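The sequence shown begins at 1 in my numbering and counts up by one.
To be clear, the hints were calculated from the coordinates, so they are not data collected in a lab. All figures in this text were calculated on a predicted structure; none of them were measured in a lab. Heads up, the beta-carbon is just placed ideally off N, CA and C, and yes, glycines get one too. Incorrect hints may have been included.
[To be verified] So the derived label-pair ranges between C-beta atoms look like this: (1) Gly42 / Trp62: 40 to 50 Å; (2) Gln13 / Pro68: 46 to 56 Å; (3) Asp47 / Gly15: 13 to 23 Å; (4) Ser16 / Glu69: 42 to 52 Å; (5) Leu59 / Gln31: 40 to 50 Å; (6) Tyr24 / Ala63: 19 to 29 Å; (7) Arg10 / Asp55: 19 to 29 Å; (8) Ser51 / Gln13: 22 to 32 Å.
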Amino acid sequence: MRKIKLVKCRLRQNGSSGVDNVRYVALEEFQLWRYYMEKAHGFAVEDPVVSYWVDAEALMEWAEQIAPERL
Numbered sequence: 001m002r003k004i005k006l007v008k009c010r011l012r013q014n015g016s017s018g019v020d021n022v023r024y025v026a027l028e029e030f031q032l033w034r035y036y037m038e039k040a041h042g043f044a045v046e047d048p049v050v051s052y053w054v055d056a057e058a059l060m061e062w063a064e065q066i067a068p069e070r071l
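All chains, full assembly: derive it from the sequences and hints.
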């Protein structure tokens, strides 16, 4: 099953009280992406949370092989 670690975070323009934008960034690229967003573009990156993205089709195939009481 294909799983990708993603970081979900909020992207906010520094000094702005407007609406935050939610971004999903690959974990392997997050530190570099965050650096560029903050230093080069002047955004604030807030509330990072790591999660998995799982291919829905692969997940359904996997779930069919597992006994219902184990899910």
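To see whether the hints hold, each was checked on the structure:
1. Gly42 / Trp62: 40 to 50 Å: 43 Å Cβ-Cβ, so the 40 to 50 Å window holds.
2. Gln13 / Pro68: 46 to 56 Å: Once the Cβ atoms are compared, 47 Å apart, the range 46 to 56 Å for Pro68 and Gln13 holds.
3. Asp47 / Gly15: 13 to 23 Å: Hint holds: Cβ distance 18 Å, inside 13 to 23 Å.
4. Ser16 / Glu69: 42 to 52 Å: holds, 50 Å
5. Leu59 / Gln31: 40 to 50 Å: Violated: the Cβ-Cβ distance is about 28 Å, outside 40 to 50 Å.
6. Tyr24 / Ala63: 19 to 29 Å: holds, 23 Å
7. Arg10 / Asp55: 19 to 29 Å: Given about 25 Å between the Cβ atoms, the range holds.
8. Ser51 / Gln13: 22 to 32 Å: holds, 25 Å
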